[in-house]
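Make a model of the complete structure from these sequences and hints.
Protein chains: 2
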Amino acid sequence: MVILGVDPGLERIGYGLVRTEGSRLEVLRHGLILSPRINLPDRLAFIHREFRTLLSETNPDSLATERLLFAANKTTAFQVAKALGVILMVAGEQGLPWAEYSPPEVKQAVVGNGSADKKQVQFMVRKLLSLQEDPKPDDVADALAIAITHALRSRITSLGTKR
Amino acid sequence: MVILGVDPGLERIGYGLVRTEGSRLEVLRHGLILSPRINLPDRLAFIHREFRTLLSETNPDSLATERLLFAANKTTAFQVAKALGVILMVAGEQGLPWAEYSPPEVKQAVVGNGSADKKQVQFMVRKLLSLQEDPKPDDVADALAIAITHALRSRITSLGTKR
Numbered sequence: 169m170v171i172l173g174v175d176p177g178l179e180r181i182g183y184g185l186v187r188t189e190g191s192r193l194e195v196l197r198h199g200l201i202l203s204p205r206i207n208l209p210d211r212l213a214f215i216h217r218e219f220r221t222l223l224s225e226t227n228p229d230s231l232a233t234e235r236l237l238f239a240a241n242k243t244t245a246f247q248v249a250k251a252l253g254v255i256l257m258v259a260g261e262q263g264l265p266w267a268e269y270s271p272p273e274v275k276q277a278v279v280g281n282g283s284a285d286k287k288q289v290q291f292m293v294r295k296l297l298s299l300q301e302d303p304k305p306d307d308v309a310d311a312l313a314i315a316i317t318h319a320l321r322s323r324i325t326s327l328g329t330k331r
Numbered sequence: 169m170v171i172l173g174v175d176p177g178l179e180r181i182g183y184g185l186v187r188t189e190g191s192r193l194e195v196l197r198h199g200l201i202l203s204p205r206i207n208l209p210d211r212l213a214f215i216h217r218e219f220r221t222l223l224s225e226t227n228p229d230s231l232a233t234e235r236l237l238f239a240a241n242k243t244t245a246f247q248v249a250k251a252l253g254v255i256l257m258v259a260g261e262q263g264l265p266w267a268e269y270s271p272p273e274v275k276q277a278v279v280g281n282g283s284a285d286k287k288q289v290q291f292m293v294r295k296l297l298s299l300q301e302d303p304k305p306d307d308v309a310d311a312l313a314i315a316i317t318h319a320l321r322s323r324i325t326s327l328g329t330k331r
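Same order as they appear, the protein sequences are chains A and B. Each residue of the first sequence is one higher than the last, beginning at 169 in this note's numbering. Each residue of the second sequence is one higher than the last, beginning at 169 in this note's numbering.
It is worth saying that the hints were derived from the structure and are not from the lab. Beta carbons are placed, not taken as given, at the ideal position from N, Cα and C, and that holds for glycine. Mixed in with the good hints, there may be bad ones.
What the hints assert, rightly or not - BS3-like cross-link-like pairs, simulated, lysine-lysine; straight-line CA separation at most 27 Å:
id, chain 1, residue 1, chain 2, residue 2
1, A, K242, A, K304
2, A, K242, A, K287
3, B, K304, B, K286
4, A, K242, A, K286
5, A, K242, B, K242
6, A, K286, B, K242
7, B, K286, A, K242
8, A, K286, A, K304
9, B, K304, B, K287
What the hints assert, rightly or not - Derived contacts from chain B toward chain A, CB cut-off under 10 Å, selection only:
id, residue
10, V258
11, P265
12, W266
13, L299
In structure tokens, the structure reads:
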């Protein structure tokens, strides 16, 4: 199974493509979609094009995104939600299964501690994916952690199903 | 000029199409886009299709939407923002000029009082658009009020430019 993990944003969208085979996890690709500082409708149209291109190039089996929690900056949170709306719409149009996980769920799945700090998450992402270096920047590390969370959760679910 | 006013939502999107000619305002069409209770990505894809169809049928010169303010229900506010993201993306793809107005700005423009109540707004919408009855439901009345706001604001701007 190939999972696309996405850390949504208006300005920066982190993504990480992870393949699972048995208990093995492997990174296929990771990166950032950076949108130019143009007016909002044009920016969302840009994200639409870029995200569709990413899906057609990578052809994942499922999409996992970070659940939005209320940030200190409310305006930013709304802008992120608008961009996420476009991303989820594309998933809907392509029939791509989707799951979302809150930051504590990701930390719990990856580190085993729902209040782990960023460094611990990065360390475990690096270890689980057998990377030579810590994944960077933060948006990409978060996207990979979300993809890993979905991989681990899906494994538990499919084991459960087999019983 | 033909203005499409939109009151965004995930479940219900109110819209009103208003034509301005000199100081005259006329409703061309109004209605609701109601999305089925399916999973979120499919629902956003539904909104995408319906909104594109609405634009191709009505061919407006500009789009005006309600600015999101923080509601009591935060989850609802995020869902509305996701739907609005899809709507604005379509506007961006079609090169449609866009403006947004907060509820107090709409009340100020339509009633002349930024803290007017819903009934006063409906009364003035009916009067300004020469309607036989109060516009209903609320989502449609709000969408028409947003279109009127944009019409009145654009008039002021263009008068200002002539000087």
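Broken hints, by number: 13
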